[in-house]
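Protein chains: 6
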Amino acid sequence: MPEVFVYAIEGRSIEQKRSLVKKITDAVVEDYKVGPDAVSVILIDTPKSMRAKAGVLLSDKS
Amino acid sequence: MPEVFVYAIEGRSIEQKRSLVKKITDAVVEDYKVGPDAVSVILIDTPKSMRAKAGVLLSDKS
Amino acid sequence: MPEVFVYAIEGRSIEQKRSLVKKITDAVVEDYKVGPDAVSVILIDTPKSMRAKAGVLLSDKS
Amino acid sequence: MPEVFVYAIEGRSIEQKRSLVKKITDAVVEDYKVGPDAVSVILIDTPKSMRAKAGVLLSDKS
Amino acid sequence: MPEVFVYAIEGRSIEQKRSLVKKITDAVVEDYKVGPDAVSVILIDTPKSMRAKAGVLLSDKS
Amino acid sequence: MPEVFVYAIEGRSIEQKRSLVKKITDAVVEDYKVGPDAVSVILIDTPKSMRAKAGVLLSDKS
Chain A
1 MPEVFVYAIE
11 GRSIEQKRSL
21 VKKITDAVVE
31 DYKVGPDAVS
41 VILIDTPKSM
51 RAKAGVLLSD
61 KS
Chain B
1 MPEVFVYAIE
11 GRSIEQKRSL
21 VKKITDAVVE
31 DYKVGPDAVS
41 VILIDTPKSM
51 RAKAGVLLSD
61 KS
Chain C
1 MPEVFVYAIE
11 GRSIEQKRSL
21 VKKITDAVVE
31 DYKVGPDAVS
41 VILIDTPKSM
51 RAKAGVLLSD
61 KS
Chain D
1 MPEVFVYAIE
11 GRSIEQKRSL
21 VKKITDAVVE
31 DYKVGPDAVS
41 VILIDTPKSM
51 RAKAGVLLSD
61 KS
Chain E
1 MPEVFVYAIE
11 GRSIEQKRSL
21 VKKITDAVVE
31 DYKVGPDAVS
41 VILIDTPKSM
51 RAKAGVLLSD
61 KS
Chain F
1 MPEVFVYAIE
11 GRSIEQKRSL
21 VKKITDAVVE
31 DYKVGPDAVS
41 VILIDTPKSM
51 RAKAGVLLSD
61 KS
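Residue numbers (the numbering used here), protein chains in the order written: chain A, 1 to 62; chain B, 1 to 62; chain C, 1 to 62; chain D, 1 to 62; chain E, 1 to 62; chain F, 1 to 62.
Treat the hints as calculated values from the structure; they're not laboratory data. One or more hints might be untrue.
SDA-like, lysine to any residue: derived pairs with alpha carbons at most 20 Å apart [claimed, not checked]:
#, chain 1, residue 1, chain 2, residue 2
1, B, K23, C, P47
2, A, K53, F, V56
3, C, K22, C, D37
The calculated label-pair distances, taken between Cβ atoms and stated as ranges, are [to be verified]:
#, chain 1, residue 1, chain 2, residue 2, range
4, C, S49, E, P36, 33 to 41 Å
5, D, E30, A, Q16, 40 to 48 Å
6, C, G35, E, K48, 18 to 26 Å
7, F, V34, B, K48, 30 to 38 Å
8, E, E15, C, A54, 40 to 48 Å
9, C, G35, E, E15, 29 to 37 Å
From the three backbone atoms N, C-alpha and C, an ideal C-beta is built for every residue, glycine too.
Whenever a hint applies, use it, and build me the whole structure from the sequences.
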């Protein structure tokens, strides 16, 4: 508490994820005035075949 | 915005998913008066061993 | 099962919601081959002050 | 309705999951006064590399 | 971690909620072998006009 | 896409929210290499009576 869920397309590297969760946590700590231990970040990645924009699966887009 | 999340049992074909996201997007565009580009659909599938109804995992049902 | 969550800006009428949940349910029944009783739709509305695009709260956009 | 989502680190056995969904369902039935058929539980597991606490991925903790 | 989200119709008393979160937490602690401090439960209630089953808003059902 | 959901206790000011969504968006843009327009942030606040830690509602803690 707070918990942050990030829904994205799969394929980011561990370095990208490591950096992102650090920055998001720092932002929550700074702006919401909580200790860092209180902040959980959960990354939920999905393949392009499980995501649509404008009614079209991302795996169908060229 | 809007974002639509569909939680279902895994096993549907890409054709089923392609059709579903199109219809959901069309419905949101029509009823909520937004452009199609604004609509994201995210499909989150889980195996039967990760789902319960009436207290029983679906993988335990005959 | 399936469950569908629709996250949107508040302000739609009951008629818009009534129509949307019907169409989404029909789409899931048709494409995912489940009975209508199996389909739950949950609408989660948020005010513009709780939503951001491109880093800006929607309540701050003119 | 109600739907219960449990976000956890992957690695629990099927016996642990079977027991957990039963207890959660019993609790909802007892306290919220609904029939057991109305209760869905969805388990969403993530690897340690997709979870952070205090800004650090769990896979980076010793 | 774990985090548990319970989506339900609004209207339960504080006593019902107090009892439910205790039982869910106890179940997670017992089955998933984590300390109680690690368990967060978030209750997300919605009015009947924001929920549909079988394509019909619950507020439209007699 | 990506979509970021932040679940927190209600009571933060609009300035805190404005700052948080900006920093989270900047982090996603920088680390995940997407344009800012692609990033949605949704803040979902709940009262203390709808949140538990260690099995106790936050509204019951002194």
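Item to check | Beta-carbon spacing of E15 (chain E) to A54 (chain C) - inside the hinted bounds 40 to 48 Å or not | outcome: Check passed, 44 Å falls within 40 to 48 Å.
Checklist entry - Range hint 40 to 48 Å: satisfied by the CB atoms of E30 (chain D) and Q16 (chain A)? => result holds (44 Å)
Checklist entry - In this structure, is the beta-carbon distance linking V34 (chain F) and K48 (chain B) contained in 30 to 38 Å? => result Given range 30 to 38 Å: holds, Cβ gap about 34 Å.
Checklist entry - Holds or violated: are the alpha carbons of K53 (chain A) and V56 (chain F) at most 20 Å from each other? => result Violated. K53 (chain A) to V56 (chain F) sits at ~40 Å, over the 20 Å cutoff.
Checklist entry - Is the straight-line distance between the alpha-carbon of K23 (chain B) and that of P47 (chain C) 20 Å or less? => result violated (26 Å)
Item to check | E15 (chain E) and G35 (chain C) - C-beta distance against the hinted 29 to 37 Å | outcome: holds (35 Å)
Checklist entry - Are the Cα positions of K22 (chain C) and D37 (chain C) separated by 20 Å at most? => result Holds, because 12 Å separates the two Cα atoms, which is no more than 20 Å.
Next on the checklist: Just to be sure I understand the hint, the distance between the Cβ atoms of S49 (chain C) and P36 (chain E) should be within 33 to 41 Å; is that true here?
Outcome noted: For P36 (chain E) against S49 (chain C), whose Cβ atoms are near 34 Å apart, the range 33 to 41 Å holds.
Next on the checklist: Taking 18 to 26 Å as the stated bounds, is the beta-carbon spacing between G35 (chain C) and K48 (chain E) within them?
Outcome noted: holds (22 Å)
Hint check: violations occur at hints 1 and 2; the rest are consistent with the structure.
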